[in-house]
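A.B. asks: If you want the building blocks of each chain, they are given just below.
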Amino acid sequence: MRQPVDHAAKQNPTTHRAMVTPLKTIRGLGASRGGTEHFIRQRLTAIANFVLVLFLVVVAIALSGRSYPDAVELVGAPWVAIPLALAFVSVCLHLKLGLQIIIEDYIHSDGMKMLLLILTVFFCLAVAATGIYSVVRIMFLMTAVPA
Amino acid sequence: MPAADVEPQGRGHRPRPLSPHLSIYRPIVTMVMSIMHRVTGILNVGGLLLVTAYLLSIALGPEAYANASAVYGSWPARVILVAFTWSMIHHMLGGVRHAFWDVGRGMGHSSRVALSWGTVIGAVTLTVVLWVVVLIVENF
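These protein sequences, in sequence, are chains A and B. Numbered according to the working numbering, the first sequence spans residues 1 to 147. Numbered according to the working numbering, the second sequence spans residues 148 to 287.
Honestly, the hints are just simulated from the structure, not real lab data.
So these bits of chain B aren't anywhere near chain A, every CB distance computed over 12 Å:
1. H168
2. V179
3. S257
Here are the computed distance ranges between Cβ atoms for each label pair:
4. B/A224 to A/T36: 40 to 46 Å
5. B/G251 to A/G35: 14 to 20 Å
6. A/S109 to B/V243: 32 to 38 Å
7. B/V176 to A/P78: 40 to 46 Å
8. B/I268 to A/P78: 34 to 40 Å
As the structure is a computational prediction, the values presented were derived from the model and not from experiment. All C-beta atoms in this analysis are idealised placements derived from N, C-alpha and C, irrespective of residue type, glycine included.
Model the full structure from these sequences, guided by the hints.
C.D. replies: In structure tokens:
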């Protein structure tokens, strides 16, 4: 992280470091300029989630109690598989953005914050990859399983 | 939020005095719904993992699917599933509440209280409705 300019120390070399307030410290860094994009992306994925997750809840209800070939046929059909894959992308992005805010709110040490943010990104990629892998594999299973 | 009592301490700094906040403030529905939105968001991560695991079980073959269905159909797992669906629905309705506020509507006192109560009551109602539908579909 770029170190903030220590205005107090520069202008007055005898000033005790502890006299610098947090506000003065962050003024050296300025705004992150990523806030608006984060806000818009969070709302966009939220809208997508509203539609996709509702649809998938309906699919999940239709899925209950089905035999294996019926389950594969339902999940492998394009009108289910495509929204399902898109849902994983949207949900995982929404999840990453939300967890990022939570981490930034509560973790104050730079090293731990960066580590947790990196882990969050990796976690979301792993979940999305698993979901999309499952959808693709089920799609291939559809030809192998007799109707 | 960063606070004077949890700032990184070092070189013999005393924590600065801070007025009591959570210990004395009476819970108000808008405030509780705000933190519940965050809590349900975190719980939804667990719900997502459960959904992903089930989907993976379908992809992995009939034995995996049978095992997963047996586990997910058992009543302790069902209780957990009900809790996770409640969490998802509550977070969704909270999102709708935030959508109202994002466009500037519903910020008057009675509106925001109504939206907040609507979130909590609507979430419980919709969860019950959802699971009644599941039970009907499974048993008819």
